[in-house]
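Following the hints, put chain V in place on chain A, whose structure we already have.
Chain by chain, the residues run as shown.
There are 2 protein chains.
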Amino acid sequence: MPCGYKGRVCFDGVRFKVDPYEFFEEMLNDLDAYSFSVKSDSIYVAFPRTTSAYNHKGFGLFEPEDPLGYRESGTFLKMMAVALHAKRMHFDTMYLLPVSMHSDRFKKGTVGSPYAVSDPLRIADYLADPLLDLSAEELFGAFVEFCHRIGMKVILDFVPRTGARDSDLILEHPEWFYWVDVASVGKYAPPKAPELGFRQLSDEDMAYLYQRQDVRNFLSCFRWSPSYTEPEKWDNFVKANRGKDFLPELVKTFGVITPPGFSDWLNDPQPTWDDVTFYRLFLDHPDVAKPFVGDDQPPYVLFDVIKASRFPGSKPNGELWDYLSGIIAYYIERFDIDGARIDMGHALPKELEQRMMEKALKMKADFMLIAEELNPEGDVRAKESNYGAIIGNSWWMLPRREKIVELFTDSTRRVLPLWAAVETPDTPRIFGRLPYHEALQRLVMSAFLPNSYFVVNAGLELLEKQPMNLGLDATFDDKWVLPRDDEFYGKLSFFDHYALHWDSEKDLTYIIGKLNRLRVTHYDAMAKICSNEPLMVKHKGAMFVWNNTEKPISYTEAPLLCVGTAVLDTLQTDGVALFKHE
Amino acid sequence: MPCGYKGRVCFDGVRFKVDPYEFFEEMLNDLDAYSFSVKSDSIYVAFPRTTSAYNHKGFGLFEPEDPLGYRESGTFLKMMAVALHAKRMHFDTMYLLPVSMHSDRFKKGTVGSPYAVSDPLRIADYLADPLLDLSAEELFGAFVEFCHRIGMKVILDFVPRTGARDSDLILEHPEWFYWVDVASVGKYAPPKAPELGFRQLSDEDMAYLYQRQDVRNFLSCFRWSPSYTEPEKWDNFVKANRGKDFLPELVKTFGVITPPGFSDWLNDPQPTWDDVTFYRLFLDHPDVAKPFVGDDQPPYVLFDVIKASRFPGSKPNGELWDYLSGIIAYYIERFDIDGARIDMGHALPKELEQRMMEKALKMKADFMLIAEELNPEGDVRAKESNYGAIIGNSWWMLPRREKIVELFTDSTRRVLPLWAAVETPDTPRIFGRLPYHEALQRLVMSAFLPNSYFVVNAGLELLEKQPMNLGLDATFDDKWVLPRDDEFYGKLSFFDHYALHWDSEKDLTYIIGKLNRLRVTHYDAMAKICSNEPLMVKHKGAMFVWNNTEKPISYTEAPLLCVGTAVLDTLQTDGVALFKHE
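Heads up: the sequence lines are chains A and V, in that order.
Here the first sequence is numbered in the numbering used here, starting from 69 and rising by one per residue.
Here the second sequence is numbered in the numbering used here, starting from 69 and rising by one per residue.
Incorrect hints may appear among the rest.
Because identical chains share one entry, a pair is satisfied inside a single copy or across any pair of copies.
Stated by the list, open to error - No farther apart than 20 Å at their CA atoms in a straight line, the calculated lysine-lysine pairs in the PhoX-like style are these:
#1 175 to 125
#2 312 to 608
#3 85 to 255
#4 125 to 255
#5 221 to 107
#6 125 to 176
#7 451 to 301
#8 301 to 320
#9 608 to 619
#10 418 to 383
#11 320 to 125
#12 451 to 430
#13 175 to 547
#14 430 to 606
#15 320 to 85
Bear in mind the hints are in silico, worked out from the structure with no lab data behind them.
For reference, chain A alone in the conformation it holds in the complex (with noise of 0.2 Å):
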């Protein structure tokens, strides 16, 4: 609720109730108020489904679209809300988790993944708002003028390795796809080579990995595009289905599938990915694979065609690089947007990468593009491509006490920044993970992690304890934190609706916007590490101090924060705090 809100409200204890239009024309007219610049170098990553849901019947159970009206789910109107709710806590960037048309298919919950994306070109229809009428486009394109306003800037996740199974650039373009035998789609699976253990492949592994049985039987499920088999009832069938959901059809009229992707690692554990597939990036396969397969091998997918930038092939498929490469200078062109994460962008053939940031940069010279590279030694590479930051692995360090002072240290080394994050949308929360105060104290330490933005994960502020996705460093019981009987008892927002516990007693908004304002004034991006017992990290004119030795430590002057113990002045141990040091 907006301080200082004018108009009218029904309070029942927990809930306002306003009316819609009222509020979000007052929150329009009060703008002014919002539009003082910060620089906190913060994020507030949001995934706007999710991030603005909410219950707003005021009954029953949470629904997508109820019956009073109201979209439940989230949409670009009530991300304005959001937004402002993140300025308030002084975050300078809003991050958005693809907000493209999505596929349903081999959905792993009740609603697609954001990241099988069916149209990039195209805003998510269901992010629109039935109170207004205008189309997603529109009130995207309002959303990121709304962030401007309030100062805000707008970086939005872009996927441009895979594409949906039923993608709907197939009908125009099947030969940007690779194609099974609908047939081998039951059994469609990496094949395994134990011997070689879990890592990447290399050029010398080629000729043995190529001679395999299962290589061999698993390359003979692919098959030619449609179009090429069959040209003339190709295209009578796009005629008869464009627009449509077409993927039944085509599996019954050709036999053929768009195969499931899967990861570039030999040996990995994970399962297929089965609501996306790879773009065919060239038009020959790899060139280390030519000597193996030959021209009569219809276009297959395996680990080194999946690592298109180690192992590219030398027909780039051009039409298709057009196509990816002006994916995000569109989004700058007709919204405006301030920066970009490119989802796999390691596994894009370099000259691809390079023409589709050079696009980019060149329309917005201060474009911020955030690389997908977890890896911290990955920062020279990323910044010898243009990247401006990486995500790097705060996130797998910081709830590990033991891995902490590594991280302060390794961050001053970087030629890039990192996002200090307890935890992301890939991650388990870090309240489901640790206790109220150990979480608490991370949280307050990756605000002064050198080298860094600060970067919080909508619903983080409500400690909320469910996660959004298993990808990283999670198993599967963490899916499973909530209480049984809470509506959202495991759903992952992926792959489910669900909506934050906005109406839960504590919150950490105060908090959190208090870590961004001691950023604005004492955060030193090029701060010092003095020591590591207790671990002392120099900002400006303030000291960030763990205690993490055994004893009190004293420290005189006043603090201007503390988490964790209490803190008068001696510093106990694992006691948290920021002293003013001149």
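Relative to the frame of chain A, chain V by itself:
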């Protein structure tokens, strides 16, 4: 897999893969083998959406509509195979939960309940099968004909007391429904009167009830039908919204909505029935309430209104009665069904109930009418009302060891047969609540309960543990009996898509078939209880014995069937057996 199947099959050790067209063609060509007539007086209970649901693509997760074009949720095509499966187990009757179009509004899971009927005269669209070019109506007709061809009767479940909150009948007949101010729905709940206890209402309660302030407040939520208050606007609304999903627009236009249903018991702890609303059976208030509510009170719902059988008004809603009493008749005429269970029949005005039943019996003299009467002492009233059977309470007694003798003794005294069922679609599953051998023992017992129909709830033969609904004798814990990694963990098939565990290793198809064959030769509805300890029940030429004593008993005849413990020439403690005794 039908014995003697001649089509092409691919067997992977668990599942048979067939060409669906060939499979059903073979099946239809082979019907003569199943056209033999058995009179086992046993009922197979199916819920088509779930009972014939299966992951046909054979990989990944269950999807109601799969990417290969199969409808994995149930259809009446696949229900034919289920009927044959039931016939192979020698059931002579198929009882189906409601198959009419239902609403997806106010749903408790991802799909609407079959009891939230939105159009009683239309078969749910999704029960058609995309493999065929037939409407759901045509396919349901074919299903009934199929059942008749294999000598099985078809009984349907009907819901004449309530409709969906956004029933299709609303647009043409707004005066068949009650209306409340939409602002009141958030707190809408039946008034409580704790001092009166948990019970049904009597005439004497009225004066007290109606003077209570919370009752007056409750009554003030009700509104006149929008067609009455704003007739012109209503006409325009109907014109603009016919055939559409109109509820949100209706709410927005008129500020009213149909209220949720609730129990006719005072102080019932169960929550409101959010997905249904009561039909307005009388145009005036209940006669007993007239001294306490004026003509200016808009039509309202209260315990007396709900229980219209006991508390009628004086002005029947004639058109509505004509409509409701014609529903079953329509299904007989159009589809040739053989029986009906009437949901909440006990709450219908006697005259309406009778008209409904007389019409049916006139069309089909042996039409089977089953009362939703859970109290065995309701047998006399049900018989007077022309019902042929009641549900009774065996589903409550059989899982409780100490109640079994009472159940057997009591059943012989009833003037109507009751259901002998270890579980129903509303209760926990017997294999979810009792250990294997005990559950199996109760199942065998249920087949020899005097004066009963042997009723098996689809899935029982697969040892299915997960209930379909938590309506009766269930606690919240009963929802979580599957392993957490089961894709249907926590799903109730009334509210979510669900597929039975058809691939499970163990099944009781053989033993249930054997029970039915024993029923054909030995079951005697008039069976006599010869002894209580051990329980001995004399059927035709065979004695059913349950050794509920502490000591082994001896019985020299060879058992036809024994369950629970090894039975040689002595029947051990807890053993169940059927012996030839003549």
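Consistency of the hints with the structure:
1. In this assembly of identical chains, the alpha carbons of residue 175 and residue 125 lie at most 20 Å apart only when taken from different copies (14 Å versus 28 Å within one copy).
2. For the homomeric pair residue 312 and residue 608, neither the shortest alpha-carbon distance inside one copy (58 Å) nor that between copies (63 Å) is at most 20 Å.
3. For a Cα distance limit of 20 Å, the shortest separation of residue 85 from residue 255 across copies, 14 Å, qualifies, whereas the shortest one inside one copy, 52 Å, does not.
4. Only between protomers do residue 125 and residue 255 lie at most 20 Å apart by alpha-carbon distance; the minimum there is 11 Å, versus 45 Å within a single protomer.
5. Proximity of residue 221 to residue 107 under the C-alpha cut-off of 20 Å is restricted to the intra-copy arrangement: shortest distance 11 Å within a copy versus 75 Å between copies.
6. In this assembly of identical chains, the alpha carbons of residue 125 and residue 176 lie at most 20 Å apart only when taken from different copies (15 Å versus 28 Å within one copy).
7. Taking the closest pair of Cα atoms, residue 451 and residue 301 never come within 20 Å of each other, the shortest separation being 48 Å inside a single copy and 65 Å across copies.
8. For a Cα distance limit of 20 Å, the shortest separation of residue 301 from residue 320 inside one copy, 13 Å, qualifies, whereas the shortest one across copies, 48 Å, does not.
9. Proximity of residue 608 and residue 619 under a CA criterion of 20 Å is satisfied in neither setting, with 27 Å inside one chain copy and 87 Å between copies.
10. Taking identical chains as interchangeable, the C-alpha atoms of residue 418 and residue 383 lie at most 20 Å apart only when both belong to the same chain, with a minimum of 14 Å there against 81 Å between chains.
11. Proximity of residue 320 and residue 125 under a CA criterion of 20 Å is satisfied inter-copy only: 13 Å between copies versus 43 Å inside one chain copy.
12. In the homo-oligomer, the alpha carbons of residue 451 and residue 430 lie at most 20 Å apart inside one protomer (17 Å), although the nearest pairing across protomers, at 85 Å, exceeds that limit.
13. In this assembly of identical chains, the alpha carbons of residue 175 and residue 547 lie at most 20 Å apart only when taken from the same copy (17 Å versus 24 Å across copies).
14. Taking the shortest alpha-carbon separations for residue 430 and residue 606, neither the intra-copy value of 37 Å nor the inter-copy value of 93 Å comes in at or below 20 Å.
15. For the homomeric pair residue 320 and residue 85, the shortest alpha-carbon distance between copies (17 Å) is at most 20 Å, but the shortest distance inside one copy (51 Å) is not.
Of the numbered hints given earlier, the model fails hints 2, 7, 9 and 14; all others are met.
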